[in-house]
Each structure stands twice: as C-alpha cells, then as structure tokens.
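**Student:** From the two separate chains plus the hints, produce the assembled complex.
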Amino acid sequence: MTQFLNQSDSDFVKSRFEEEMVHDVRLTLFTEPDLKGLLVPGMDCETCAPTQQLLEEVSLLSEKIQLDVVNHREDRELTESYGVARVPTIVFSRDDESNVKYLGIPAGTEFPVLLEAIINVSSGSPALSEETISFLSSLEEEISIKVFVTPN
Amino acid sequence: MAVTSGKIDAEVIEVQEFPELGRTFGVRGVPLTVINGSISFTGAANEQMLVEHLKSAVE
Chain A
4 MTQFLNQSDS
14 DFVKSRFEEE
24 MVHDVRLTLF
34 TEPDLKGLLV
44 PGMDCETCAP
54 TQQLLEEVSL
64 LSEKIQLDVV
74 NHREDRELTE
84 SYGVARVPTI
94 VFSRDDESNV
104 KYLGIPAGTE
114 FPVLLEAIIN
124 VSSGSPALSE
134 ETISFLSSLE
144 EEISIKVFVT
154 PN
Chain B
87 MAVTSGKIDA
97 EVIEVQEFPE
107 LGRTFGVRGV
117 PLTVINGSIS
127 FTGAANEQML
137 VEHLKSAVE
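Chains A and B are the protein sequences, given in the same order. Using my numbering, read the first sequence as starting at 4 and increasing by one per residue. Using my numbering, read the second sequence as starting at 87 and increasing by one per residue.
The following block holds chain B by itself, in its conformation from the complex (with noise of 0.2 Å):
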C-alpha cells in the first residue's frame, strides 16, 4: 500500500532486534500491525481488514 500511495509510510520490524520497540508498542504476539501508533491488530492482515483500520486511521 505505501507503494501505491506516497502518504503511506510502512516499517516491518524484526521485534527480536529491536525489543525496547516492543514494549513501547505493547508487541505480545506477531504479525502486530500498528497504524499511526494507535490502532493495532495481531494476526495475518488481509487487504480489506488493512483498508478498514486505515480508515477508521483518518476519520
């Protein structure tokens, strides 16, 4: 999706690495997604359960 659209901006974090990334963002399973540092989900995305939350993101 941030190749489609440059107000996009997406980080993938190997949370082993970087643990004190985890505990800010509260990781205690994965895939955790988190969307504007806020909404966050666990477990694979499909696309429109992603276009969901993007939305919920910008109302």
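The following block holds chain A by itself, in its conformation from the complex (with noise of 0.2 Å):
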C-alpha cells in the first residue's frame, strides 16, 4: 500500500506537532482485523487498514502521539466502554478524557479534522472566545454533537 502522507506533507504536520501540541494523546483505532484481501461475509471494513495505516504514518510524527489498534470483535468491553459501535472508528484521548471521535477514515480532505482534533486536545485550548468558554463551563447536561462530513 502507498503511502498517504509525502515527504512535504510529512514535514509540514511534524512542524505543526511540534509548535502546537502540548499534551500526550492517545488515538485508540477500533477496528476489524487486516484479512490481506481474504472475503469474510459480515466482515467487509473497506477503510478498516487504510485508516490504520494513516494514524501510523501519522502517530510517527510526534512523540506525543500513541497510537493503540484493538480489534473491535476480541476486546468487546474496551469497545463497549467507549460507546463505540462502528468500525473504524478513532477515539482522541488526553488523560482520562475521550469525548472526541471519528468514524471513518480522515482522509483527504479530511485530513485538516484529524490533523486539528489532535492538536485540540493536545493543547487543550481551541481558539474559542471568552463569551464561549463561559457558556462551556456552565454547562450542567450533557451535549452530543454530530458532524456529517463527506470527504472530496
């Protein structure tokens, strides 16, 4: 398989990492195990590998990044405990907060979302006014929010 990230692409989200992350992040990739082209009916996750082979070439670029691949099938309480009920689907992590996630691959014209989620919560401060930040810590229920996207 090809790689998704050339040398300059490489280099210019390495020298984001380093001028923009803060914190260590955990990216959890649930997802179906690589079958290298064997068709097993129920387990069909086109974009299972490439996706993995994405947040490998991508946890490569910073230190703070750790990646952890678990098959969705085998670790079932792992999964379960993440709310997560597709594959692939990312989890961003920092300590024990994970209230971030991905389901499909990001890539593309996707890719700024993976790149700014990891930066995000690495940093822990988006560029959000004081007026928003006020309204977040006010919060008493909780909130999900759900992005349709579609890559281009």
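Mixed in with the good hints there might be a few duds.
In silico contact screen, one side only, chain A against chain B (beta carbon under 10 Å); selected entries [claimed, not checked]:
id, residue
1, 92
2, 104
3, 107
4, 140
Keep in mind that the hints were calculated from the coordinates and are not lab data. Heads up, the beta-carbon is just placed ideally off N, CA and C, and yes, glycines get one too.
**Tutor:** Dropping the structure here:
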C-alpha cells in the first residue's frame, strides 16, 4: 500500500505538531483485523486497514502521539466502554478525557479534521472566545454533537 | 468545544461509510450538524452560531 503522506505533507504536519502539541494524545483505533484480501461475510470494512495505515504514519510524526489499535470483535468490553458501535472509529484521548470521535477514514479533504483534533485535544485550548468558554463551563447537562461530512 | 467541556461529546461521521447513520439523521447535504439528535443545521457553522444552537438545546 502506498504512503498517504508524502515527504512535504509529513514535514508540514510534523512542524505543526512540534509547535502546537502540549500534552500527550492517545489515538485509539477500533477496527477489524486486516484479512489481506480474504473475503469473509460481515467483515467487509474497506476503510479499516487504510485508516490504520494513515494513523500509523501520523503517529510517527510526534512522540506525543500514542496509537492503540483495538480489534472490536476481540475486545468487546473496551469497545463498549468507549461507546463505539462501528468501525473504523478513532477515539481521541488526553489523560482520562475522551469525548471526541471520528467515524470513518479521515483522509483527503477530511485530513485537516484529524490534524486539528489531535492538536486541540493536545493543547486543550482551541481558539474559542471568552463568552463561549464561559458558556461551556456553565453546562450542567451532557450534549451530543454529531457532524456529518464527506471527503471530496 | 468538546475539548473545553467534558459535558460535550463530539463525533465526526464520514457519512459515505455509514449511510445508515445518514438515513437515521436525515442527511441530505454536508456538513450537517446534529445536536442531541434533534436540532440540526446544514453548512459551515461558526462559533457563535453553534453556541446559539447549543443554548437552545439546553433550554
């Protein structure tokens, strides 16, 4: 399989990580095992192996990124504890906080979403106004936000 | 925002890979943002707009 990131992409991403990452980030990829072309009914996750490869490439660009790959069929307890129902799903965690997920492969035009999610989770300080931060800290009930996207 | 508040759970969903989720949430155009499974809007959301929608979700 060819590389997702060419040398200039890798250099750009690496320099952003070096400048903007603060804390360690753990990426947990819930996936199917790579069957190397073998077709098994019900196990037809076309984007699982490419997603794992993309995350392996990205995680090599910073020592602050740890990648854990979980076979959702074998580790049901962990999969359910993260509320993961589909693969591939990437869970972004810092310390014990893990409330950001990406379902699908964050490649092509969605790659910036992966990059910003890693940096924001790591720095813990997205560029939000004081009013927004004040509103968010006043929240008492839980809110779910889902954003549907497609790559171009 | 989910990074700032532990009360917010954020998911980005690549809808071509999960068309059944697209159908469940009535996705006809992207990006579509859905808050608490009910409030939804299409198109790029700026910070202020998203906060207004979050406020109406908790009222």
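**Student:** A separate judgement is required for each hint: does it hold in the structure or not?
**Tutor:** How the hints compare with the structure:
1. 92: holds (9 Å)
2. 104: For residue 104 of chain A, the interface hint holds, since the closest Cβ of chain B sits about 5 Å away, which is under 10 Å.
3. 107: At 3 Å from the nearest chain B Cβ, residue 107 of chain A passes the 10 Å test, so the hint holds.
4. 140: This hint holds: residue 140 of chain A lies near chain B, its Cβ roughly 7 Å from the closest one there, short of 10 Å.
When each numbered hint is compared with the structure, no violation occurs for any of them.
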